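J.: Given next are the chains, with one letter for each unit.
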Amino acid sequence: MNIVAIGAHPDDLEIFAYGFLAAASSRGDNLILGVATDGAAGGVNKGAELARQRADEARNGLAALGTPTLLDLPDGQLADAPNARNRIRDFIRNAAPDLVITMRLKTIIPIIARWRPMFATLPDSSVRCCFVTP
Amino acid sequence: MGVGFTPDYYIDISAHFAAKQKAIMAHHSQDPSRFASASAIMNRFRAAQCNAPDGHYAEAYRLDHRFPFTDIRDLLPPPPPYRPFYVPGSDALI
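For the protein sequence lines, the chains are E and C, in the order given. Quick note on numbering: the first sequence equals residues 1121 to 1254 in my numbering. Quick note on numbering: the second sequence equals residues 115 to 208 in my numbering.
Some hints here could point you the wrong way.
Which residues of chain E face chain C? A partial, calculated answer using Cβ under 7 angstroms [unchecked claim]:
hint	residue
1	1134
2	1138
3	1139
4	1144
5	1161
6	1173
7	1175
8	1177
9	1180
10	1181
11	1191
12	1211
If you are wondering where the hints come from, they were derived from the structure by calculation, not from laboratory data. Because the structure is a prediction, the values reported are computed rather than measured. Built from N, CA and C at the ideal position, the CB exists for glycine as well.
Take the sequences, apply the hints, and build the full model.
T.: Following this line, the structure appears as structure tokens:
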């Protein structure tokens, strides 16, 4: 079974869904991991250097489960990024998931709300259900 | 931390909790011990909602259904085992 998991920031999948993903991986599911933004706004020293560091941290944090696709969209500006919706949609479509895990649709990260209409653009045969974590 | 969130499915992550903590701690730039602590509280609480004793952990989720409805619970990793409450000799929390 193909499971797509998408977090908004480089550490979200670890904090919110690592246990689910590890359990799925250990029973043989195929995980397709995505990180939407570059995380450049999440620290004291914001910017490109932080984004580079966080990319490494994301790969290290998820190493036991797979290599994440870093969509590299702008942290804190996802709602305004002109290509964000297409990038995320294409990432999900190309993975042909049976199940999508993402974050709660009303969170401290309001841009996630933009993801809901995106799911409506997927083929009905693709995603049976979206599974949401707090 | 789950405020205002109503889960409808729980996953037993006890066997993977140590790996989860290690994964969170990989994010050095984020002062990650605060997230590891929060995760320990949250995942322990979610297991306690399943009447699992100390040392057990769970994650909680909601199913966001699409048309056409289908029950996907058989696709998911299992929840903590059912533990009736107030059974003498049981390992349950309550």
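J.: Each hint needs a verdict: does it hold in this structure or not?
T.: Structure-based check of each hint:
1. Given the 7 angstroms rule on beta carbons, the hint for residue 1134 of chain E holds: about 4 angstroms separates it from the nearest Cβ of chain C.
2. Interface hint status for residue 1138 of chain E: upheld, as the beta-carbon distance to the closest one in chain C is roughly 4 angstroms, under 7 angstroms.
3. At a threshold of 7 angstroms, the smallest CB-CB gap from residue 1139 of chain E to chain C is about 3 angstroms, leaving the interface hint in force.
4. A distance limit of 7 angstroms between C-beta atoms decides the matter here; for residue 1144 of chain E the minimum to chain C is near 6 angstroms, and the interface restraint holds.
5. With a least beta-carbon distance of about 12 angstroms to chain C, the hint placing residue 1161 of chain E at the interface is violated under the 7 angstroms criterion.
6. Given hint, residue 1173 of chain E at the interface with chain C, holds; its Cβ is 5 angstroms from that chain's nearest Cβ, closer than 7 angstroms.
7. Interface restraint check: residue 1175 of chain E against chain C, minimum CB-CB distance 11 angstroms, threshold 7 angstroms, status violated.
8. A cut of 7 angstroms between beta carbons decides the hint on residue 1177 of chain E: the least distance to chain C is about 5 angstroms, and the hint holds.
9. Given the 7 angstroms rule on beta carbons, the hint for residue 1180 of chain E holds: about 4 angstroms separates it from the nearest Cβ of chain C.
10. A hinted interface residue such as residue 1181 of chain E counts as satisfied when its beta carbon comes closer than 7 angstroms to some beta carbon of chain C; here the least separation is about 4 angstroms, so the hint holds.
11. With 7 angstroms as the threshold, the beta carbon of residue 1191 of chain E stays out of range of chain C, its nearest partner Cβ sitting at about 18 angstroms, so the hint is violated.
12. Among the interface hints, the one on residue 1211 of chain E is violated; its C-beta lies about 18 angstroms from the nearest C-beta in chain C, farther than the 7 angstroms criterion.
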